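Chains as they are written, first to last, in my numbering: chain L, 1 to 134; chain V, 1 to 292.
If you're looking for bench data, these hints aren't it; they were derived computationally from the structure.
Bear in mind that the values here come from a model prediction, so they are computed numbers and not experimental data.
One should not assume that every hint holds.
Straight-line distance between alpha carbons at most 25 Å, and here's what the computed DMTMM-like set of lysine to aspartate or glutamate pairs gives [as the list claims (entries may be wrong)]: (1) L:K110 - V:D152; (2) L:K16 - V:E47; (3) V:K78 - V:E64; (4) V:K48 - L:E42.
Here is how the chains run, residue by residue.
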Amino acid sequence: MDNPKHFYLEIITPTKQFYTGPAQALILPAVDGQMGVYANHEPVVTAIEPGQLYYQVDEDWQHVVVGAGFAEIKPDYAILLVSTAERPEEIDFNRAQEAKQRAEERLRQKQSIHEYYHSKAALARAMARLKTRK
Amino acid sequence: MASMKEIRNHMKSVEQTLKITNAMYLISSANLRKARQQLNDVEPYFEKIESTISDILYHSPEIEHVFFDKRPEVPVEKRTTGFIVVTGDKGLAGAYNHNVIKLAEQKMKQCSNVKLFVVGQSGRTYFQEHGMEIDTEFLYTAQNPTVTRSRDIGELMLDRFLEGSLDEVYLIFTKMIDSFHMETLCHKLLPLDPKVFKKYREDTHYRQRVSYVPSTKAVMNRLVPGYVKGDIFGALVESYCSEQNSRMTAMKSSSDNARDMLQSLRLSYNRARQAAITQEITEVVGGAQAAQ
Chain L
1 MDNPKHFYLE IITPTKQFYT GPAQALILPA VDGQMGVYAN HEPVVTAIEP
51 GQLYYQVDED WQHVVVGAGF AEIKPDYAIL LVSTAERPEE IDFNRAQEAK
101 QRAEERLRQK QSIHEYYHSK AALARAMARL KTRK
Chain V
1 MASMKEIRNH MKSVEQTLKI TNAMYLISSA NLRKARQQLN DVEPYFEKIE
51 STISDILYHS PEIEHVFFDK RPEVPVEKRT TGFIVVTGDK GLAGAYNHNV
101 IKLAEQKMKQ CSNVKLFVVG QSGRTYFQEH GMEIDTEFLY TAQNPTVTRS
151 RDIGELMLDR FLEGSLDEVY LIFTKMIDSF HMETLCHKLL PLDPKVFKKY
201 REDTHYRQRV SYVPSTKAVM NRLVPGYVKG DIFGALVESY CSEQNSRMTA
251 MKSSSDNARD MLQSLRLSYN RARQAAITQE ITEVVGGAQA AQ
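Chain L extracted, bound-state conformation:
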């Protein structure tokens, strides 16, 4: 990476290496809002919420929907380990809609605390997917 404005970005999920390569900027959904990252960022470790993530490669902004996970950010690289990562065109609107309804329905039932968190997470994932497909 010769360009000092670039850093090395890795987005990895359990099923595939979603993206590995240089990037100029990154916006990720952190716990308390969006977080922007440029090269030479201070070393940070943060948790990622299900939501939308953007990264800039060659002036182009790439759009990704990610699941929960965490990120390790260093001045010259950023590693994101997330449960899922999808491009907007891979998302099926109807499926996401159904998933949202299912999650909402489940949330209305009496559940154990784990089931509650699972439904909540499913709902957050579905919402993130729907947001990008609008």
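Guided by the hints, dock chain V onto chain L, whose structure is given.
The following block gives chain V in isolation, referenced to the frame of chain L:
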């Protein structure tokens, strides 16, 4: 020399066994291909999660968090150690299950109180037969590992750890190094111990502290369950792949043995047949001569 009938019966039974071992060989090689694909996909994640955690721990040596609490106040004889033992669902996989069980027993001897969580039917039967108490509600199969399953296992372990019914959790699984080498490993899952992670990166220019956004506690609350889940998933995938691989090799060698056996049996069958014919001819000739 055995009679022709005996040899023929023996050959038939060997042939039938050969059919079974050959079928199992084909099935396990098909499964192995699928499992290896999954392993290839999950391996970068698995390695990255380990190296990232090790890096984080390396840069923040004095984390105080409940998942890092080694509980030194609990005396040795009162400590409860949980073991997640990943075995196969079926036997006939060479030394695969045996190796896992042997390592588990060896590790269990060193602990005063043990809780066993067994994945896979064959390990469960073994421990039950040997009168060892296992968690009966912990019913997970070793086949086709999924992220959901590892999430459930991980949540159970974290719950038990947090409520204090487990002080340490170990994961015993088989790692596939290449198609001929598999290694049974015992991996410490909880509490997180910076010492068990090997150092992946020796970068000297980032000596500065890592900061946690929004707070160490919030990040660790997210990161540790994610790590545990990822680790368990990786272990399940590795084990499943190793199981298929060792079954494939075991079935291949038994099919080869059966073929060798059939060949030698065919030889002795032909010999017996020849001997019978010769004897008959001698008898006929002898009878004819006597009649003259």
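Evaluated hints:
no.	hint	in the structure
1	L:K110 - V:D152	holds, 19 Å
2	L:K16 - V:E47	holds, 13 Å
3	V:K78 - V:E64	holds, 23 Å
4	V:K48 - L:E42	holds, 20 Å
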